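**Student:** Just need the whole structure built from these sequences, with the hints factored in.
Residue numbers (this note's numbering), protein chains in the order written: chain A, 371 to 556; chain B, 25 to 420; chain C, 704 to 1075.
Just so you know, the hints here were simulated from the structure itself, not pulled from any lab data. The structure displayed is predicted, hence computed values, not measured ones. Hints are supplied without guarantee of correctness; some may be wrong.
Below, simulated DSBU-like cross-link-like pairs (lysine-lysine); rule was C-alpha separation at most 35 Å, straight line [claimed, not checked]: (1) B:179 / C:1049; (2) B:357 / C:1049; (3) A:519 / C:898; (4) A:474 / C:996; (5) C:1049 / C:898; (6) B:109 / B:179; (7) B:357 / C:959; (8) C:1002 / C:758.
The following residues of chain C were derived to be distant from chain A, with all beta-carbon distances above 12 Å [claimed, not checked]: (9) 715; (10) 841; (11) 862; (12) 911; (13) 917; (14) 935; (15) 972; (16) 996; (17) 997; (18) 1037; (19) 1055.
For each label pair, taking beta carbons as the anchor points, the in silico distance ranges come out as [what the hints assert, rightly or not]: (20) B:93 / C:754: 20 to 26 Å; (21) C:1002 / B:275: 57 to 63 Å; (22) B:394 / C:735: 44 to 50 Å; (23) B:275 / C:873: 49 to 55 Å; (24) C:735 / A:400: 42 to 48 Å; (25) A:407 / B:34: 56 to 62 Å; (26) B:123 / C:882: 50 to 56 Å; (27) B:120 / C:882: 55 to 61 Å.
Every residue gets a Cβ at the ideal spot worked out from N, C-alpha and C, and that includes glycine.
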Amino acid sequence: MTAIGSYFRNIKDAVTTIFEGMAVTASHFVRRPYTVQYPDRTPMRVQDTLPIRYRGILEVDLEICTGCLACERACPIDCIVMVAEKDPATRAITISQFDIDIAKCMFCGLCSEPCPTGSIHHTTEFEGADFSLESLIKRFVKEPIPAYKAKKGPETDPRIAPILDRGMHFLDEWAQPGGEKSGSTT
Amino acid sequence: MQTLVQYLISSGIFGRHAPYELVAAITVIVMSAAVFLGVAFPFAGMVSWVERRVWARIQSRVGPNRVGPNGFLQWLADGVKHVCKEDIVPDEADPTLFKLAPYLVVLAFVLPWAVMPFSSSLILADLNVGILYMTAVTALTVVGVLMAGWSSNDKWSLIGGIRSAAQIVSYEIPAGLSIFPVVLMTGTLSMQGIIRAQGWAPQHWFLFANPFTMIAAIILFISALAEGNRTPFDLPEAESELVAGFATEYSGMRYLFFFMAEWGNLFIIGAIITTLFLGGWQFPHVTRNVVVMNVLQLITFNVKVLFLVFVSMWIRGTLPRVRIDQLMSLCWKYFVPISFLDMVGTAIWVAIWPNGNEWSGYVMFAAGIVVGVIFVQRVIYYLRRSRMELYFRPTI
Amino acid sequence: MNTLHTEEMTLNMGPQHPSTHGVLRFVVRADGEIMREAVPDVGYLHRSIEKIAEKVGYHGFMPYTDRVDYVCAMFTNQGWASACEKLAGIEVPKRGEYCRVIAAEFNRLASHLLSVGTMAMDIGAMTPFTHALREREMINDLIEELCGARLTFNYMRIGGVAFDLPPGWREKALAYLDHFEPIFDEYNALISYNKIYIERLANVGVISAADAINYNLVGPNLRACGIKWDIRKDVPYSVYRDFDFDVPVGEGRWGKLGDAMDRYMVRIRELAESARILRQALTRIPSGPVLAKVPRNFKPPAGECQVRIESARGDMGWYVVSDGTAYPWRVHVRTGSFAAMGIMQKLSRGLMIADLVTIIASLDVIAPEIDR
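**Tutor:** See below:
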């Protein structure tokens, strides 16, 4: 008797559950698809919609780079190669090389965290395809340039001030050890 | 047909003394080639596009929408791509059988079109064993699939081929048995005869004629899905288990042939059900004009078939795949006994009401509407349940 | 008279098979459709991550832990961070711990969604997979806003987390939870209660409680066998003591206790529990710092420690030996997937080939976690 009961129960279960499943899929005919039609059919560039913390391809603002080598030391895979010489007489630092191998970079963000000015930071750019590995090595320093020197007060140079502001904006996102931020109460 | 051949001979394209048989043969070949190249193959292609779009919408995706308007020409692009691809025959394969197999599968797909009742006069050959012919030739697929599986000399292909053979042969039985109730009620095997026995109104369709025919229709539809290797019975090409099943070693045009046959078979499944249970091309007599009438019938038939094609796509988007032993137990423990009982029940019904019962048609149709209303209610319930749509991305 | 010659067939399933979740390989001895045995062959995704730890130092190893289990990288992050903290005796700020729990539980949702989605796909239903991934996509968006990456998060630091919650993020996350809970009923109606689906999963790959313990199964796989063991409850770490949640265990409602359906349903129910924890954490999160003061040149005192984390795939152990220098002397990760691969051979005997796919999916093995 139980065998016959389970026979018909199986049929009933199959019919009702398939009926429910079909109803769920039918309800999807009238819903909006959830697809980003990257790259050509988006209302705006996808890069512009990404959050500020997004870790895309690295970029360096040489104007505010202090030449402290913190990023090079922090990088776990040594994809940053930096040469900065200190003039013993004037104590001025000259950066003669600043290369980032994007092909090697794993976008971990450990380099931008210790940067004192936010000079090295991640952009929201993620399209990095290229035809050769050599062209993926970004060489930021064309000719040796003097490093940025932090001033006591606010930055006065009108050329550098907005860049520094931007750098500090990137820097502000990172949590400070022991520090409390404005966002922490939300 | 004969008049056309006579006309061709008298027009003198083939010379004055062309033998009648030769001209007739050439005409038939050219005509059928035109039908298949102009109707069957593009249909299979378009079905592939429709299926991908329907499936995509079920899955909250967009689907192919780049080639042509709304991606409509995607099937053409895919076809061109496949034709341009290298046709690889593995070293260890049996080359003759390997090359022959796709054609046999396509053969099983094109043969049924000969008895396809598009309208009251638009039918290539109204055989008096039409429906029998239909089931016979569609079963030819198994030969091609088994051949493909065996000749590929690949274990995945072999398992796929054997699964397919077991599946198609088993499901022939419930499919055949489900045709019997209709044959019992009409007393004919001719496609046109079966359609003429029904009316244009739903309560005169065999689907709603009595409870037994309704069960028969459902069993026939599921069995036909199984014979056509469609989800939930797509075991022979189960992607997650057998890579691509019997088609694993195929590439290019030959690979395309298998899938064209699969998509084309959807139309044939739909046509069989439409003919037997949904009143075929039956349309109310609105005009005496034969041509207009035929066009209306053609549209009616195609709408019904395409609805069934859509349902099978929808099922494919919903259900998971059964296992091979469950497939077999479903066939032998459920479908075969039920369809036998069904046949006996119909016989008794016909014995009691030889001319059919008018009221049962109305009652069954009303029951069908009730089920439909419940279904729509469930759909609305799910739409309401998760109406709150959330989009974090502004680009969607 | 000829006798029919039969032989066993050796099938090579993987490492490029569509349903082996990455690069697993099984050598299947089959008699037609029936498997005699499926022998797992691991090691195709070995990247010597443990050895790398000895070369890159404590801070620098954090991004590498993302790659141990890239489906739920928050847990590997958390494991490494808490191991180092235990070694050096660092106290993590309360808000930092809450941030960790929120990130980790969101990641558990994402991981379980992927698991149940691929499970349905391996059974042959394609639609639940995309529905699950659609929900996972929103979690990815949330996590992207939180830490800047969608897969390899590198969110946690020794002593806390790298980022505080961004402004407005908490409301978004709560809105997501409101959206998520009803969607899951729909998912259940679509696939979990489907008769064909239950038939495919019930009574397949039954693991007894004794076997589960002997083979060292952890996480949902263990709980599906009826054993209530959850590190979050039984060996509480972080701030899990503060939350009220249940530990779902297998019921054997659809078949025998400990079958594939139980493992699947435990994951489904854990999704609801994770959402519960998230709700509590998001409403109760205290204000304060998120990162403790840790020297950049981190040198923990010599010693060793073992930390256990309840990852999405179960008890994840981090064993670190320090010799007092800036580089760990030895690091070992104990992962759930590796143990789950061990029982595969035993489970596979006498099942169908199609069931092997079910077992792989139901044990939720992730290839990088097996080999590391």
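**Student:** Evaluate each hint against the coordinates.
**Tutor:** A quick look at each hint next to the structure:
no., hint, in the structure
1, B:179 / C:1049, "holds (23 Å)"
2, B:357 / C:1049, "holds (31 Å)"
3, A:519 / C:898, "violated (71 Å)"
4, A:474 / C:996, "holds (30 Å)"
5, C:1049 / C:898, "holds (27 Å)"
6, B:109 / B:179, "holds (24 Å)"
7, B:357 / C:959, "holds (23 Å)"
8, C:1002 / C:758, "holds (14 Å)"
9, 715, "holds (33 Å)"
10, 841, "violated (9 Å)"
11, 862, "violated (7 Å)"
12, 911, "holds (25 Å)"
13, 917, "holds (34 Å)"
14, 935, "holds (24 Å)"
15, 972, "holds (19 Å)"
16, 996, "violated (4 Å)"
17, 997, "violated (7 Å)"
18, 1037, "holds (23 Å)"
19, 1055, "holds (20 Å)"
20, B:93 / C:754: 20 to 26 Å, "violated (56 Å)"
21, C:1002 / B:275: 57 to 63 Å, "holds (59 Å)"
22, B:394 / C:735: 44 to 50 Å, "holds (46 Å)"
23, B:275 / C:873: 49 to 55 Å, "holds (53 Å)"
24, C:735 / A:400: 42 to 48 Å, "holds (45 Å)"
25, A:407 / B:34: 56 to 62 Å, "holds (60 Å)"
26, B:123 / C:882: 50 to 56 Å, "holds (54 Å)"
27, B:120 / C:882: 55 to 61 Å, "holds (58 Å)"
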